[in-house]
Amino acid sequence: MEIFNYCPPMEPYLEIVSQDDDILVLNKPSGLLSVPGKKHADCLQTRVQRVFPTATVVHRLDMATSGLMVMALNKAAHRHISKQFELRETAKTYQAIVFDRVQQDSGEINLPLICDWPNRPKQMVDHEQGKKALTHWRVLERNTRSTRLELKPVTGRSHQLRVHMLSMQHPILGDSLYAHDQALAMSNRLNLHAMFLSFRHPVSEETLYFESKVPF
Numbered sequence: 065m066e067i068f069n070y071c072p073p074m075e076p077y078l079e080i081v082s083q084d085d086d087i088l089v090l091n092k093p094s095g096l097l098s099v100p101g102k103k104h105a106d107c108l109q110t111r112v113q114r115v116f117p118t119a120t121v122v123h124r125l126d127m128a129t130s131g132l133m134v135m136a137l138n139k140a141a142h143r144h145i146s147k148q149f150e151l152r153e154t155a156k157t158y159q160a161i162v163f164d165r166v167q168q169d170s171g172e173i174n175l176p177l178i179c180d181w182p183n184r185p186k187q188m189v190d191h192e193q194g195k196k197a198l199t200h201w202r203v204l205e206r207n208t209r210s211t212r213l214e215l216k217p218v219t220g221r222s223h224q225l226r227v228h229m230l231s232m233q234h235p236i237l238g239d240s241l242y243a244h245d246q247a248l249a250m251s252n253r254l255n256l257h258a259m260f261l262s263f264r265h266p267v268s269e270e271t272l273y274f275e276s277k278v279p280f
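Read the sequence shown against the working numbering and you will find it ends at 280, with the numbers running on by one and no gaps.
Honestly, the hints are just simulated from the structure, not real lab data. Be careful, since some hints might not be right.
[Said to hold, decoys possible] Cross-link-like lysine-lysine pairs, in silico, DSSO-like; alpha carbons within 27 Å at most:
{"id": "1", "residue 1": "Lys-196", "residue 2": "Lys-186"}
{"id": "2", "residue 1": "Lys-216", "residue 2": "Lys-196"}
{"id": "3", "residue 1": "Lys-216", "residue 2": "Lys-277"}
{"id": "4", "residue 1": "Lys-103", "residue 2": "Lys-186"}
{"id": "5", "residue 1": "Lys-195", "residue 2": "Lys-277"}
{"id": "6", "residue 1": "Lys-103", "residue 2": "Lys-196"}
{"id": "7", "residue 1": "Lys-147", "residue 2": "Lys-195"}
{"id": "8", "residue 1": "Lys-216", "residue 2": "Lys-102"}
{"id": "9", "residue 1": "Lys-147", "residue 2": "Lys-103"}
{"id": "10", "residue 1": "Lys-186", "residue 2": "Lys-139"}
{"id": "11", "residue 1": "Lys-195", "residue 2": "Lys-216"}
{"id": "12", "residue 1": "Lys-139", "residue 2": "Lys-102"}
[Stated by the list, open to error] With beta-carbon atoms standing in for the labels, derived distance ranges:
{"id": "13", "residue 1": "Ala-105", "residue 2": "Asn-183", "range": "20 to 30 Å"}
{"id": "14", "residue 1": "Thr-219", "residue 2": "Asn-183", "range": "20 to 30 Å"}
{"id": "15", "residue 1": "Pro-182", "residue 2": "Lys-102", "range": "13 to 23 Å"}
{"id": "16", "residue 1": "Glu-269", "residue 2": "Gln-113", "range": "19 to 29 Å"}
{"id": "17", "residue 1": "Ser-170", "residue 2": "Gln-113", "range": "18 to 28 Å"}
{"id": "18", "residue 1": "Ala-140", "residue 2": "Asp-245", "range": "24 to 34 Å"}
{"id": "19", "residue 1": "Gln-168", "residue 2": "His-244", "range": "17 to 27 Å"}
{"id": "20", "residue 1": "Ile-80", "residue 2": "Thr-208", "range": "34 to 44 Å"}
For glycine and all other residues, C-beta sits at the position ideal for the given N, C-alpha and C.
Based on the provided sequences and hints, a complete structural model is requested.
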């Protein structure tokens, strides 16, 4: 499990990208939980609530994934943004570096996912009982032993991008759950970053766009 030997980064302790009376947009570092774990209280939610006690988590990123997250500062904002995620009205774009050279320039992965209970928190493809999961991808850059991809998940299943990349035989570099030894050794962190997030403001209804620099 990834939580073993949990050492969350302390610098930066809290990186706020944008804030107003209703929402907070934050840049979560790799290695920090989004919400408290069974044995670990330190997480993005806890850090934010020390400064903004009413803040609530609307969606999550895996502990190992870095990038943009939005939190609500009141119940009305939480309901509004949660509904947008539920109806897939938000837009999310990730960057990842995956193992080996991806030959095609772009494509989509439509493989249903379910929790791999004996090996949880791992997820797996299950065509009979899995929930629909759809990811669009395109190549940004090819190197000798890796490829930089842009990933656009349509659905938001747990570990969706990590399992979908694995299904292509191109695991994400540094993925302690799904990468083989060679891909794991090529990076000291999961090379997956939520670089773009768009949603409607819960009060003004204006479409907001946020970007975060890719740290790898």
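To see whether the hints hold, each was checked on the structure:
1. Lys-196 with Lys-186: Holds, at roughly 17 Å.
2. Lys-216 with Lys-196: The hint holds at about 15 Å.
3. Lys-216 with Lys-277: holds, 16 Å
4. Lys-103 with Lys-186: The given pair, whose Cα atoms are some 19 Å apart, holds under the 27 Å limit.
5. Lys-195 with Lys-277: The hint is violated at about 31 Å.
6. Lys-103 with Lys-196: violated, 31 Å
7. Lys-147 with Lys-195: Status holds; Cα separation ~19 Å.
8. Lys-216 with Lys-102: violated, 30 Å
9. Lys-147 with Lys-103: violated, 30 Å
10. Lys-186 with Lys-139: This hinted pair is violated, its Cα atoms lying about 32 Å apart.
11. Lys-195 with Lys-216: holds, 17 Å
12. Lys-139 with Lys-102: Holds: Lys-139 and Lys-102 sit about 25 Å apart, inside 27 Å.
13. Ala-105 with Asn-183: 20 to 30 Å: With a Cβ separation near 26 Å, Ala-105 and Asn-183 satisfy 20 to 30 Å, so the hint holds.
14. Thr-219 with Asn-183: 20 to 30 Å: Taking Cβ atoms as reference, Thr-219 and Asn-183 lie about 22 Å apart, which means the hint holds.
15. Pro-182 with Lys-102: 13 to 23 Å: Given range 13 to 23 Å: holds, Cβ gap about 18 Å.
16. Glu-269 with Gln-113: 19 to 29 Å: At 27 Å between Cβs, range holds.
17. Ser-170 with Gln-113: 18 to 28 Å: violated, 40 Å
18. Ala-140 with Asp-245: 24 to 34 Å: violated, 49 Å
19. Gln-168 with His-244: 17 to 27 Å: holds, 21 Å
20. Ile-80 with Thr-208: 34 to 44 Å: holds, 38 Å
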